[in-house]
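Sequences listed follow chains A and B, in order. So the number in our numbering is just where the residue sits in the first sequence, counting from 1, plus 9. So the number in our numbering is just where the residue sits in the second sequence, counting from 1, plus 9.
Careful: at least some of the hints might be erroneous.
The list treats identical chains as one, so a pair stands whether inside a single copy or across any two.
To be verified - Below, a list of computed lysine to aspartate or glutamate pairs in the DMTMM-like style, where the Cα atoms sit at most 25 Å apart:
1. K293 / D210
2. K102 / D131
3. K350 / E244
4. K302 / E401
5. K141 / E401
6. K91 / D104
7. K266 / D73
8. K266 / D118
9. K266 / E247
10. K293 / E53
11. K137 / E401
12. K430 / E401
13. K293 / D204
14. K141 / D75
15. K293 / E207
16. K293 / E150
17. K430 / D118
18. K386 / D118
19. K266 / E244
20. K386 / E247
Hints listed in this document are in silico derivations from the structure and should not be mistaken for laboratory results.
There are 2 protein chains.
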Amino acid sequence: MEFRSILLGFSLYLVYFVDIVISRHTSSFVRSEWPSTDIPLDSEVFAVPKGYNAPEQVHITQGDYDGKAVVISWVTTSEPGKSEVLYSKEEHKYDRTAQGRYTNYTFYDYTSGYLHHCLVDDLEYDTKYYYKIGTGDSAREFWFQTPPAVDPDAPYAFGIIGDLGQTYNSLSTLQHYMHSGAQSVLFVGDLSYSDRYEHNDGIRWDTWGRFIERSAAYQPWIWTAGNHEIEYRPELGEVATFKPYLHRVTTPYLASKSSSPMWYAVRRASAHIIVLSSYSPFVKYTPQWWWLKGELQQVDRERTPWLIVLMHAPLYNSNEAHYMEGESMRAAFESWFVQYKVDIVFAGHVHAYERSYRISNINYNVTSGNRYPVPDKCAPVYVTVGDGGNQEGLALRFSDPQPDYSAFREASYGHSTLELKNRTHALYHWNRNDDGKQVPTDFVVFHNQYCSVESFFHIQQ
Amino acid sequence: MEFRSILLGFSLYLVYFVDIVISRHTSSFVRSEWPSTDIPLDSEVFAVPKGYNAPEQVHITQGDYDGKAVVISWVTTSEPGKSEVLYSKEEHKYDRTAQGRYTNYTFYDYTSGYLHHCLVDDLEYDTKYYYKIGTGDSAREFWFQTPPAVDPDAPYAFGIIGDLGQTYNSLSTLQHYMHSGAQSVLFVGDLSYSDRYEHNDGIRWDTWGRFIERSAAYQPWIWTAGNHEIEYRPELGEVATFKPYLHRVTTPYLASKSSSPMWYAVRRASAHIIVLSSYSPFVKYTPQWWWLKGELQQVDRERTPWLIVLMHAPLYNSNEAHYMEGESMRAAFESWFVQYKVDIVFAGHVHAYERSYRISNINYNVTSGNRYPVPDKCAPVYVTVGDGGNQEGLALRFSDPQPDYSAFREASYGHSTLELKNRTHALYHWNRNDDGKQVPTDFVVFHNQYCSVESFFHIQQ
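Hey, can you work out the whole structure from these sequences and the hints?
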């Protein structure tokens, strides 16, 4: 442990101490709220790009296990067009080509456009790439930056967004996020809320795709599915779950030996990120259970000290909305999260913000055991960021009094950022949307669960 | 309430009182056990029927919601042959024909025979039907009895078998069951244990099909899937879960408006039977959750007073084997079982027998709630009958002391019978395989949760 690191640790400890003193906090902030209605279809926020058959709804995600590939996705509407990406390290001088494929789907009376997905691989780390899709006057150009090589001290900044939707609150969240400097989005489920429309109107999937393009075309969004992606509508003859989601979004699940795009893992800089599916089978003996068991065993904290889990339905939540809906998955997975010292579990679902202390309830025993979650230094911090801004509005009723396991909670819109500084420390903020301004509201210094110098500075996070 | 009924109720109460006095019992019975190894492939128990392409592995299940249809299933191996059933109410005089379909599948290096499924519908209630499948010298004849019309006082006897496998213990269980007089099997999952063989050898599915034919060709087996049906083997390239199960077994799921053969309901005589899938998605917002919510709402206890739920993994189990594995589903569904006054929940999975009192743990609250299951007169009785006799052997270690929620438990092989006498009373037995003899060991009179005369005789079951 070099001196600089110790000094940084000590400074951060002081900051953290200040934070902890004011903790276990239910914010009294009253948000001045825009109406929770979706932005109108004809808004320029959803503008269709100019030109015949121009690619739209451009978004990228990580395309492999370690960050040397992206999948670039887009939609064409008049005809399929080429499923091809031109790219290079120099702007406007495209010297490489990748071939993708396209698909489409129907959902009751909606027919999607041509949904293209193109893997661009063998990229160099920490490099800016420019890319071009579409042809002639309709061609469009974007860029992205690859992450640094997987390394325990590689700094990296993630944004965390959940339950986004497409209201003015959603727009505010996205705009604030785009000024945060974060390099990639960990999206914890509930994307377009298209299922809130009659017949799950796919047109609202398209507007959402155009809405997020401003960010998602330039940096990878790591996808987690939420309940609004299930789109199970037997009365419309639509019983294949996650149909629009699975057509529109790709995940690099094969790279982590998953058998389903619904759960997978990626490594990025100093983080190992595990994405779980709240609405797929997860109990013992199911594929997701076997896969997670194997994936946790092969996490190498010497290479990726930060172990982060994403899911939609939170395991800990003291809001009346969706209270204890995560119990089924908690019963299945919590003991592993403690055993493997997961750093943080991010979830969405509840339309408010909440952060827990490091607590666990793994000794709960239906015959004879403990009742309450207890402080547990090996446990993750559970963060709920279901406050992206969708049309369903905020979850305003927290249980009273605030339970011991809950550190901070506030029912307003916002997003989080997690800045991994090195193998021992990370800065975490939750940023409230405050009448148009982004206000850092909850701040924590996370000490890595595997690498932190607990002998010096151990405190209960 | 007529006098005869009251008299019957009172007599049964006396019997029950005797039973309750000796209850909360962990049996000290030590079973003289045959080796838990599968019967050899060349045993006559698995004999292939004579003749070219003779239909084998014949089994039937209910084919509709109310019991006026069956699906007849069988396998041919040399060629598909006709997917046709001849049937009639008179023996050897077939005057009606039903057309089925066939399918087959591969599983790694195994290729199945031709798996036929043929719906025979528009049957009369309470009627014996003869049927014939196959052609020429290879034709085979069987019969079945349709249930009485759905009626609150229609008597009916179910057998309950779980975790059967194909050992000599399995054979003993099946032979005892066949002498019980029960009219239909509620099978609570784990069928062939074919997945215990290298590459999930499908040959053991075929032997199992021939093994159960002695019962299943003559009366419907109502199917529930267990963990041994998942057959998720990514290392063999087999990642589609329940592949052999879904090809070999049919369920009348469409008749109960389910979107999956894994969960469904049937009505039979005075019973409404709900089959759940422990290893499919079941949390809030998933198809199984929506379906169960709807199905429970439309149960008509005036027509079918007996509400019975089947699943594989038990919600209450005090054996060390699979302890608390049902917690995830308990968190999702237990409150509904209490709200809708389910009579009995049958499960398998644990290779022992256990019966609970009427208890619930629905007030458990991660923030502030109760810890233990408590007596609850609205709750179901939970019965685990995972003791069919498979090669994995018995689950011999019960928690000590016996928890308050557990009424009777014993680690030996056997099966249960449930005789619905009328809308108020049912006789229930668990029958131990005792060195070749069937010994009624646990006996309870169930008072219907909807119709029983609680004001006269309410006692805690």
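| task | Go through the numbered hints given earlier and state which of them the structure violates, listing their numbers in rising order. | result | Those not satisfied are hints 3, 5, 10, 11, 12, 16, 17, 18, 20.
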